[in-house]
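Colleague: Starting from the known structure of chain A, fit chain B onto it as the hints suggest.
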Amino acid sequence: MDGSVRVRKLDKIFSIRRARPTTFKMIKSLLRGDRGAAEKFFALKDINLEIIAGEKLGIVGNNGSGKTTLLKVLAGLYRPDRGRVEVSGRMAFLAGLGIGMIDDLSVERNVFLYGTIYGLEIETIRERVQEIIDWAELQDFSRAKLKTLSSGMRTRLAFSTVRHIEADIFLLDEALTTGDKNFKKKCEEYFQSQKDSRATYLVSTHDLEFVGQFCRRTLWLHKGKIRALGDTDKVLKLYQESRA
Amino acid sequence: MTLLKLKDQSTLFGFVWTFLNPLAIVTILFIFFRLRIGPQVEHYAVFLLIGIIQYTHFSNSTSAAMHVLVAMRQLTGNTIFPKEILILSSVLSSVLELVLSMVICLLFALFTGLRPSWPLLLLPLVLLQQVLMVFWVSLCLSGLYIFIRDIDHIYHVFLRVLLFTTPIFYDLSFLGDGLARQIALLNPLTHLILYSRQLIISGTIFPLSGFALFTLANCILIILSLMIFRKAEPSFAEHI
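In order, the protein sequence lines correspond to chains A and B. All the letters of the first sequence, read from the start, carry residue numbers 149 to 392 under this note's numbering. All the letters of the second sequence, read from the start, carry residue numbers 972 to 1211 under this note's numbering.
Keep in mind that the hints were calculated from the coordinates and are not lab data. Any given hint might turn out to be false.
List of simulated lysine-lysine pairs, DSS-like, C-alpha gap at most 30 Å [to be verified]:
#, chain 1, residue 1, chain 2, residue 2
1, A, 193, B, 1202
2, B, 1202, A, 188
3, A, 176, B, 1202
4, A, 373, B, 1202
5, A, 385, B, 1202
6, B, 1202, A, 329
7, A, 332, A, 157
Coverage of chain A stretches by chain B, computed from C-beta distances (three or more under 8 Å per stretch; other residues unrestricted) [unchecked claim]:
#, region
8, 264-273
9, 347-358
Cβ coordinates follow ideal geometry from the N, Cα and C atoms, glycine included.
Bound conformation, chain B alone:
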């Protein structure tokens, strides 16, 4: 909460900046792709907004969390409390942004004529999975960043690639049945965006077995990342 309160506190629009960036991207993508992709996708504006919100959250929170240990080098190098708490607090500080963005998205969906149905109640579970995924990715990135500073640049290139290989402004069917589709399906963010779209736009429930498998993989990856992070922790102070 402390990080959240401090964020943007001295800027003119404060917390509103959080929403202006994705809104600008959505507007540009909508203008450019509405005529090409829009006609093939129902409620294209909402479709686009869901993708951008989830991608922006993933991109912003993992990028911020990657730098936390180095930015707070005094804490990392001179205190003995568990350092994963720094990562967790960074990840949690972006949760409110994700939730508020989704609320705005839902209001926008209502405005465009979509009616909520009971499967929408599962949306918090999808968002929880997203936060868990951000947590384990952040644990890996922040630990690696201490030893290899190039990770920052490599990750930014990766995020650009992710923006285009995740079905954010196009539908999965746009990729056909070839390798591109297989690559997109290997990306966990694709699944989370598809889950949200199904709940908000189609108003239907996604296959629960697939979601359970996703949850299990997320949990295993969190445990593994924590184990590796804790193993590397005694080397952080020396390399920071």
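In isolation and in its complexed conformation, chain A is listed as follows:
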């Protein structure tokens, strides 16, 4: 369990459908044996990737380039259509912040709920709940219902909680935060502290400045294929030139 990731000849194919087929249509097409008749497209095509333990890899690309799909395949949320994925270690997949939080529960109860979803032990949360609320600067709201918080406050609470996740591999899908200046600085400090950690990070984002600061290597995906993979400065330069 070291935190390495290996991807070999990975393909992920999606069907393009205008609407969800009815069960009758599904049965009809199954009986006819034309399961492959729907229009298909490669969300990922022939992806080869090797990430060593502790590496921080940035993933950039336009919308629809396959960043989320790649992370979801690595997380086991999507089944690969071809190829192999080998992941060694405990994973945490963060797609957005605050997923699973419940509006009608208090801030404190949400810390427990959110922490549990991401694998934190109840005892650990109990020990750290005050620190989590303090870090998010929500001391005065610990008993308030989540729905009374602004979106910025919710994001702070979620980020504050996920800092405590223990994993060998972090898959971050647009989970980086924006907020007021003070909070952004705290986030930057947190990621700075993680830069030399033993944990592996795969970060999919449009925040190229963050990738430049945090990741030594970067993967540029374009229409499901690897356009470039290597030193962050070089890959970002190529990526930015393509967009100019």
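Modeller: Same frame as chain A, but now just chain B:
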């Protein structure tokens, strides 16, 4: 517990709604069947109440659990914790309702003159079997519902059929010895209701070998359902 606390929290009667629905059905069925079936069945009101409580629990908890993965699509599609926990939490949130309903039923039984005897101590085991059965049925339904949305409609028709093919407002002897009886006996809910009635109304113990077999089948079905559920899990996010 979170789901339980959130349920009905904004309604006028809150948690009491949980009991009002089965109570209304029991009252209607009692009024309509008391004169026809009632005289042939001892303590018909308690008899009816047991059947309705167990059927309502089965029907409500499996229907709710079926929708959990889709209702919580953000969690299903974007987190990597075991999704069976969502089903389990939905199933467990209805356990308190079942237990409280049974307690009310027992108080009602006392009020109607039934005296508790020691076999009643086995009632929690029967209720546990019911919860286990709800769990494996919910695992199958919730997984299927992701791929085939018609399951929702089909299952509601099935529940209507189940209401009439399970001896809830009539005794098993009412079906005679023919095919109808055999069909009713194939239904696991029939056995659970019969077990509870035997403990509460007759005050006698049911055949333990049959109960052991039921428990074994329940355990095997939970393992099988879990295996199938986990096998299908990597396809949930894509189809949700």
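Colleague: Which earlier hints can't be squared with this structure?
Modeller: 5, 6, 7, 9
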